[in-house]
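Asks: Given next are the chains, with one letter for each unit.
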Amino acid sequence: MPDFTWETQSPLRKALVVGRHGAGTGAAGVTLREVRDIALVQVMARRGQAAATAKAAKKLFGVEPPTSPKAVTAKTATLIWSGADQFLAFAPHSGDEFYAKLADTFAGIASLSDQSDGRCALHISGPRARDAMAKFCALDLHDTVFPVGAAASTAIDHTNASVWRSADEAGEAVYNLLVFTSFSDSLWHMIADAALEYGLDAGHVSAVQ
Amino acid sequence: MRIACPFCGERDSSEFSYLGDASPKRPNFAVDSPNSPAEIEDAVFDYVYLRANVAGDMREYWYHGGGCRSWLIAERNTVTHEFKSVTAAPGAGAALAGQAGE
Ligand SMILES: [Zn+2]
Chain A
17 MPDFTWETQS PLRKALVVGR HGAGTGAAGV TLREVRDIAL VQVMARRGQA
67 AATAKAAKKL FGVEPPTSPK AVTAKTATLI WSGADQFLAF APHSGDEFYA
117 KLADTFAGIA SLSDQSDGRC ALHISGPRAR DAMAKFCALD LHDTVFPVGA
167 AASTAIDHTN ASVWRSADEA GEAVYNLLVF TSFSDSLWHM IADAALEYGL
217 DAGHVSAVQ
Chain B
7 MRIACPFCGE RDSSEFSYLG DASPKRPNFA VDSPNSPAEI EDAVFDYVYL
57 RANVAGDMRE YWYHGGGCRS WLIAERNTVT HEFKSVTAAP GAGAALAGQA
107 GE
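These protein sequence lines map, in sequence, to chains A and B. Residue numbering for the first sequence is 17 to 225, as defined by the numbering used here. Residue numbering for the second sequence is 7 to 108, as defined by the numbering used here.
It should be emphasised that the hints constitute simulated quantities derived from the structure, not laboratory data. The beta-carbon is built from N, C-alpha and C at its ideal position, and this holds for glycine as well. Just to be clear, a hint being listed does not mean it is correct.
[Said to hold, decoys possible] Computed beta-carbon distance windows for the label pairs:
(1) B:Thr84 <-> A:Asp130: 40 to 46 Å
(2) A:Thr92 <-> B:His87: 43 to 49 Å
(3) B:Thr93 <-> A:Ala116: 37 to 43 Å
(4) B:Asn34 <-> A:Ser110: 49 to 55 Å
(5) B:His87 <-> A:Gly42: 45 to 51 Å
(6) A:Ser182 <-> B:Arg65: 21 to 27 Å
(7) B:Tyr55 <-> A:Phe196: 32 to 38 Å
(8) A:Gly134 <-> B:Phe51: 41 to 47 Å
[Said to hold, decoys possible] Residues from chain B shown here face chain A by an in silico Cβ test under 10 Å; the list is partial:
(9) Gly15
(10) Arg17
(11) Ser20
(12) Ala94
Between the sequences and the hints, there should be enough to build the whole structure, so can you do that?
Replies: If you want it as structure tokens, here you go:
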């Protein structure tokens with residue numbers, strides 16, 4: 017039997033050109049990052065098991081999963097609402113450990129789907145991030161409507177995306193996007209195009225600290 | 007046109023797919039027509055093919071595929087496009103007790 021080794025490749029290895037693009041030469045108005053090395057699991061409560069699923073999640077993560085479009089940050093993961101009785105658990109990649117822990121926790125009460133390589137995670141930040149996003153995202157991202165912790169499942173450029181807002185160390189807004197891996201190349205180009213007029217700083221970061 | 011999803015809030019109609027009339031009920035043979043094959047055939051034909059072309063208020067199925075992926079039932083005026091209510095269809099969200107396939 018031959019041994020197979022699977023190497024994870026970024027779906028953006030062609031589209032992502034690290035560096036400063038677009039208008040101006042100073043600080044970029046928009047910072048766009050691919051977040052690599054992620055673990056992502058879709059958790060869907062089975063019929064009549066939403067309460068049991070929430071309880072099990074609380075035991076594992078220390079917080080209850082959101083029941084409305086929000087993202088809650090726990091110590092080991094971020095739980096993002098993705099629909100009625102379902103959420104995404106997002107964490108730094110750790111081999112098969114994360115999924116195994118969830119499979120154990122939710123056995124019999126929720127259905128899981130490993131999306132670690134199925135979705136591509138992006139960060140959009142910078143002083144003009146919202147202006148760039150206004151061109152392709154129909155959500156109202158005003159501070160009063162979409163504060164830190166707000167989340168949404170929406171359509172961006174004809175494909176589904178999960179969006180939630182967090183903050184960087186300086187407290188500035190970071191818009192997190194999860195998009196289908198196979199659409200991420202096209203979405204990256206579209207987002208970059210929207211950001212060029214404000215100056216774009218493109219790059220990638222690892223979710224693993 | 008904007009549709010207020012009970013889970014996601016107000017969204018552009020491009021995020022939704024339209025299925026049509028939410029009123030037809032799938033015939034239940036054991037209850038509706040236990041004895042007559044002709045009645046069964048008529049009932050199934052009506053259920054599958056016959057739709058009223060309503061000018062006014064109508065209950066209809068919408069699917070929020072570009073958002074939370076829930077089936078919804080909307081009451082919409084087909085003349086003015088006014089939405090009077092949008093609620094989760096039975097079975098949307100595994101925890102809801104309603105029977106799917108209304
Ligand atoms: Zn929705």
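Asks: At the C-beta level, are Gly134 of chain A and Phe51 of chain B separated by a distance inside 41 to 47 Å?
Replies: holds, 42 Å
Asks: Mind checking the hinted window 37 to 43 Å against the Cβ distance between Thr93 of chain B and Ala116 of chain A?
Replies: The hint (37 to 43 Å, Cβ to Cβ) holds, given that Thr93 of chain B and Ala116 of chain A are roughly 38 Å apart.
Asks: Hint Gly15 of chain B vs chain A: min CB-CB distance below 10 Å?
Replies: Result: holds, 7 Å to nearest chain A Cβ.
Asks: Has the hinted range 21 to 27 Å been met by the Cβ atoms of Ser182 of chain A and Arg65 of chain B?
Replies: Hint violated: Cβ distance 40 Å, outside 21 to 27 Å.
Asks: Using the nearest Cβ pair, does Arg17 of chain B come within less than 10 Å of chain A?
Replies: holds, 7 Å
Asks: Could you say whether the range 32 to 38 Å given as a hint is met by the Cβ separation of Tyr55 of chain B and Phe196 of chain A?
Replies: Because 36 Å falls inside the window, the suggested range holds.
Asks: I want to verify a distance hint. Is the separation of the beta carbons of Asn34 of chain B and Ser110 of chain A within 49 to 55 Å?
Replies: holds, 51 Å
Asks: Hint says 40 to 46 Å; check whether the CB-CB distance for Thr84 of chain B and Asp130 of chain A agrees.
Replies: Holds, since Thr84 of chain B and Asp130 of chain A (Cβ atoms, about 43 Å apart) stay within the stated range.
Asks: Take the shortest C-beta to C-beta distance between Ser20 of chain B and chain A; is it under 10 Å?
Replies: holds, 7 Å
Asks: 43 to 49 Å was suggested as the range; check whether the CB atoms of Thr92 of chain A and His87 of chain B agree with it.
Replies: Given about 47 Å between the Cβ atoms, the range holds.
Asks: For His87 of chain B and Gly42 of chain A, compare the CB-CB distance with the range 45 to 51 Å and indicate the outcome.
Replies: holds, 48 Å
Asks: Given Ala94 of chain B as an interface hint, is the shortest Cβ-Cβ distance to chain A below 10 Å?
Replies: holds, 7 Å
Violation of the numbered hints given earlier is confined to hint 6; every other hint is satisfied by the structure.
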